[in-house]
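Asker: Now for the letters of each chain:
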Amino acid sequence: MAEAISRLVEEEARIAAMIEEAKKKAKRIVEEAERKAREILDPKRIEEEVRRLMEEAEEKIKKEAEEVRARYEKVAERVESIPEEELRKIADHVVREVVGS
Amino acid sequence: MTSEIEVMIQEIRRRGEEEAGRIIEEAKAKAEKIIEEAKRKVDVYVENMAKPEIITMRRRILGSASLEGHRKVLMAKEKVINAVIEMASERLRRIVEGEDPEVDYREVLHRLVLEAVKAVGEPEVYVYANESDSKYIRRHLKAISKMVSEKLGYKVKIRLAKHPIDCIGGVVVSNPDGTKTYYNTLDGKLNDVIKKFRSILGKTLFKKVVEVGSG
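If you read the sequences in order, they're chains Z and B.
Heads up: the first sequence begins at 59 in the working numbering, then just goes up one per residue.
Heads up: the second sequence begins at 15 in the working numbering, then just goes up one per residue.
Zero decoy hints are in this set.
Which residues of chain B face chain Z? A few of them, derived with a C-beta cut under 10 Å, are:
id, residue
1, 47
2, 52
3, 53
4, 63
5, 78
6, 79
7, 80
8, 97
9, 204
10, 207
11, 219
Where chain Z lies over chain B, by a calculated footprint (3+ residues, C-beta under 8 Å):
id, region
12, 26-32
13, 37-46
14, 65-74
Under the rule of at most 25 Å between Cα atoms (straight-line distance), these lysine-lysine pairs were calculated in the DSS-like manner:
id, chain 1, residue 1, chain 2, residue 2
15, B, 194, B, 176
16, Z, 94, B, 47
17, Z, 94, B, 53
18, Z, 83, B, 53
Source of the hints: derived by calculation from the structure; they are not laboratory data.
All C-beta atoms, glycine included, are put in the ideal place defined by N, C-alpha and C.
Throw the hints in and build the complete structure from the sequences for me.
Answerer: Next up, the structure:
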């Protein structure tokens, strides 16, 4: 009987220590998270993130700009490739207006 | 009795382990919340800092590309218009030199003189023309004066200016004191017609080309 009670006491002490250990571990977990949060909120890191985002955006926008240029380029090419015959017709029309015939 | 204590020990162990597990789980949840909150804050900072910059950059880069492209299209249009002007000028030169079977330049010149004299509206005028037209007008001055007088219904004395002017053809007519001048050269008329044609070309030919491309 005395042995059983002694085991009970021992077990209680072991559990109390285990809970104490869990509390310490919990504290470490929270402290580690706070450290990580500070790291995440570091202005230098934010600045770096902003710079990275800007670079990504710039690259994307530059590609878009190339597409815009290419679209205009095609229009310019089409304008320049209007057949000479068509231009001559317009020139003849202009001449008729000039000489009034 | 021993077995009852054994049950108690088991129960203490179970509750203790449960409690320890709960403490760790709560700490993990709190840690996750702390990190998530930090990340959310960073996202807001980054968004607030980068977004306006990106909008400005986008406007600058795309605006510049559009401007550059638009300029290229305008240059292409200008090139086409210049080609039309060149073709028209070339044909006008041939007409003036009498090399175009479709147009009698003498008739054109007579009409240009008549229009200009009528516009000046005086009984005595000076006619300015290029060298070859001046020669023609000099040779036919009487006939031209007669034709103009008849058409206008009053006597007009036409004098030919001493010095020729530089133009493809046509005339400039002034009253003697130079207070009234009417420009009726082919060059001037060509410019006027081209001005008119610029908008027509924009609405028809170029629009057609641009629409075909964007379709």
